[in-house]
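Residue-level listing of the chains:
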Amino acid sequence: MSDFEKKGQRFIALCMLGILMFNYPILALFNVSGTLFGVPVLYAYIFIAWAALIAVMAYVTESGG
Amino acid sequence: MLHGTAIILVSFAYLGLLFAIAYYADGRADAGRPVIASPYIYSLSLAVYATAWTFYGSVGRAASDGVGFLPIYIGPTLMIALWWVVLRKMLRISKQNRITSLADFIASRYGKSALLGGLVTVIAVIGILPYISLQLKAVSNSFWILVQYPDIILPGEVDAAPIRQDTALWVALILAAFTIAFGTRHLDAAEHHQGMVAAIAFESLVKLLAFLAVGVFVTFGVYDGFGDVFARAAAEPKLRAMMTPLEGVAGGYANWVWLTILSMMAIMFLPRQFQVAVIENVDEKHLKKAIWLFPVYMLAINIFVLPIAFGGLLRFPDGSVDADTFVLTLPMAEKQELLALLVFIGGLSAATGMVIVETIALSTMVCNDLVMPVLLRLRRLRLNERPDLTVLLLGIRRGAIVLILLLGYLYFKLAGEAYALVSIGLISFAAVAQFAPAILGGIFWKGGNRAGALCGLVSGFIVWFYALFLPALARSGWVPIGLLEHGPFGIELLKPLQLFGLSGLDQITHAMIWSMIANIGAYVGVSLSVSPSADEHRQASLFVDVFRHAGEGGGARFWRGTASVPDLYNLLARFLGSAAADSAFAEYASARQLRWPDGQLTADAELVHYVEVQLAGAIGGASARIMVASVVKEERLSVDEVRDILDEASQVVVYSHRLEQKSRELEAATAELREANERLKELDRLKDDFVSTVTHELRTPLTSIRAFTEILLDEPDVDLGQRKKFLGIITKETERLTRLINQVLDLSKIESGKAEWVESAVDMREVIDDTLAAMEQLFKDKKITVEARLPENVSGVTADLDRMIQVMLNLLSNAVKFCDRANGWIGIALAEKDGWLRVDVRDNGQGINPADQSEIFSKFHQVGNTLTDKPRGSGLGLHISRHIVEHFGGRMWVESDVGHGACFSFTLPAAAVARAARTTAAPIGAPT
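Which chain is which? The protein sequence lines are S and B, in order.
Each residue of the first sequence is one higher than the last, beginning at 0 in numbering that gives the first Met the number 0.
Each residue of the second sequence is one higher than the last, beginning at 0 in numbering that gives the first Met the number 0.
Next up, chain S with everything else stripped away, as it sits in the complex (with noise of 0.2 Å):
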């Protein structure tokens, strides 16, 4: 497998990520009341994950050839 190939896999499973992270049911579970650092929750959550995803995006376009 190429390492263009690669990568590509690599992609295509952190947009699956992504779709889990910023979908029912997993959304439903911090679409709580109480706060985290101040912050709601749910507002919370959505931001770091997001955080989260973009730094492993990063990583991998960046690692390797």
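These are computed hints drawn from the structure, not numbers from a lab.
In this text the structure is predicted, and so the values were computed from the model without any measurement.
Hints may contain errors.
Quick list of in silico lysine-lysine cross-link-like pairs, PhoX-like style, CA-CA up to 25 Å [claimed, not checked]:
id	chain 1	residue 1	chain 2	residue 2
1	B	Lys284	S	Lys6
2	B	Lys94	S	Lys6
3	B	Lys781	B	Lys723
4	B	Lys94	S	Lys5
5	B	Lys287	S	Lys6
6	B	Lys816	B	Lys781
7	B	Lys680	B	Lys748
8	B	Lys445	B	Lys94
9	S	Lys6	B	Lys445
10	B	Lys782	B	Lys816
Let chain S serve as the given structure and place chain B on it in line with the hints.
Frame of chain S, contents of chain B only:
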């Protein structure tokens, strides 16, 4: 202080700055040192996605349903994860086919269909109008609000519509002029607008900084950080409900999901996104950084949306201020004039960036895919005969820009007041999502064809128009509102907002579901039931297998016909100007080591294809096809022929893979053969040497035997004593001959590995004793003293007894031959050390030259001058002895000082270690 005139001046100064940046970047590009050849500029230019809608509308939407605005940015992030697979492919396709726009892409994929290109253009223009009107609305609203400073008066509160609409018209006209200046200064065959891209990247920075500034001000200036804003909002029951908004709204998750999907499509298929991401891309490698930088940008511009929304709701609790304006009205309410002005400029950036890129993209489509194909078909206009069409092309584009902006203004006037910013934008998103099946299907599925794409697009567009566009007009009073409430002709089932009774969803989700069902259903269904033409077949293969068809020549294989070089050149010159045509032809010629314009070029399929691709860069694939067809005589290929060529091509790929493999194997085999050949040559040389030496050795005794027998034959009266002496010599020489032949046979057996070895435990003392006994008479004859030092107890060796005796005989007879004539002495020593037995045979002869010491064990080597001295051996004895010793895992060597005799030694492993040592190390005690 914030006087209208001042605001206008600042705005124009800002636009002037943009123009300066664009001018500078264009200048650098012309000088061959482009500023936009950077992944960072590319990523920033992609942020043209964030428009005035993001800038003002996100807060508006957040103020009504919390995180509901986020799918518009999370969706693109998910799509960008697929860019490595999808966008890379689209980039490659577009570069190879010189795609100029979204419409061109679709038209080219489905057999360069002008009809399809036109349809896509119409859908795109109508679909994007609401979006453009949104920008006009945002700019004129924000201007109007800012002018009221220090009062906060919203446009809705007073009857200000006519004034604002005038403002919007002015904004539209100014932007049109600006876009014309940016995008249609000259005609570029690659459709690159480097100056525009640089300006857009700059605008992306400005709007981000402006939004972050207001976010930091509200969050940390007005309030005490994120926790404070949310804690205060949570104290209000109404606002607290917004913090878990997803279950509160009917169809909450469904809306969320569909909004995500919609945004995934939008980031790819909005004409302006296609323009910056695909058309303006100068290097595929920029994608690598953009894949994470652009999502980071979207994340950054959204961080403060919720705090601003809650801040605004807390600051204006009575709902008197439209949430769409919080970004601007919050700084105004806090008396921050400069911040408010910065916000206005940020919003202006967001709006102008969108309008410029979008109208350039749309005007290219209108020109290349709508107007030109029609004009070129109208024979009355005789366009084919005009010498220079570049002016006409630029004129059409400029006209299209003005027209599109005026239409945007018209939509703003007709329907702009009835909706919030986000809803207007989403109508456009839903329109461009209709391109998704045709494009994504087109680059991954060869089965999709023209008829399928046409039907899919038409059905999807009709549903979109009916379920989204029409209701927008109806709400503004331009279409009877009864249509929404009771359906057409009172048919409840066909109510635009609850088609077939589907209710409980917001109207965007509702329209998306039905339009996608219609679109994908028609695309797939019709594609499967109608067979494609040859052109479609070819284009499908070129698009789907783009990574397999190398280079731009991919399409040339499909062309057959006749053409002439001057015709092709004139065609290109008419559309690009003669300078550009000249350089294009020169480039083509130099790539083939030919000269232009010396008439060396032939108008073959490759050149025709090249010209078509160049032309496509200026006027789009469909128009280029028509134009090229008008100057060449083309032979139409049948579907079967195209299929044959494609099959052939794929077979060629397979073959070439196999050939590569074969040639690699062959290379390896050749190297081995070469090595073997070297070895054989060396052996051959050795054999020749051997044969010549052996014959020489044989001739010497033969000559002497013959000489003496001739004497005896010719002279019968030789006396008895003489006769006896001669016969003695003959016998000796015969014996020597026999010995020599025996040794040669022996050697060849040993060397070829055919010798029979009888292995047994051998006691070396016994071997030495036996040999000495056999030679006792000889020693006596020669008066040689023999001294043997044999220890009482030594280990045996594993060897062949006869062979070991042969070795000892050879060493001792050599010692006898070479020891001192008068006072001969031979010493024999046997010793055991560290598992090795060592035998030394010493003589007191004249010794051996150091130069001869290494040679003495080779075949036929005899010490001394063979021409003058009588040879004293066959020259094979030592060679054979060494072979024997080495066969049993030992080693043989000689040590000698000239004048002090020589000592031949050999070692053999003691029986216990014999087997292990045979394959490995040299024996201890051997000289190294």
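Taking the hints in turn, this is what the structure says about them:
At roughly 14 Å between alpha-carbon atoms, Lys284(B) and Lys6(S) fall within 25 Å of each other, so this suggested pair holds. A C-alpha spacing of about 22 Å is found between Lys94(B) and Lys6(S), which places the hinted pair at or below 25 Å, so the restraint holds. Distance hint between Lys781(B) and Lys723(B) is fulfilled; the C-alpha atoms sit about 22 Å from each other, no more than 25 Å. Between Lys94(B) and Lys5(S) the alpha-carbon distance is near 24 Å, which keeps this suggested pair within the 25 Å criterion.
Distance check on the hinted pair: Lys287(B) and Lys6(S) sit about 11 Å apart at the alpha-carbon level, within 25 Å; holds. In summary, the hint linking Lys816(B) to Lys781(B) is supported, as the alpha carbons are separated by about 10 Å, within the 25 Å threshold. Between the alpha carbons of Lys680(B) and Lys748(B) the distance comes to roughly 21 Å, so the proposed pair stays at or under 25 Å and holds. Pair hint Lys445(B) plus Lys94(B) holds up; C-alpha atoms about 20 Å apart against a cutoff of 25 Å.
The suggested pairing of Lys6(S) with Lys445(B) holds, with an alpha-carbon distance near 24 Å, which does not exceed 25 Å. Only pairs whose Cα atoms come within 25 Å are accepted, and Lys782(B) paired with Lys816(B) is accepted, the gap being roughly 12 Å.
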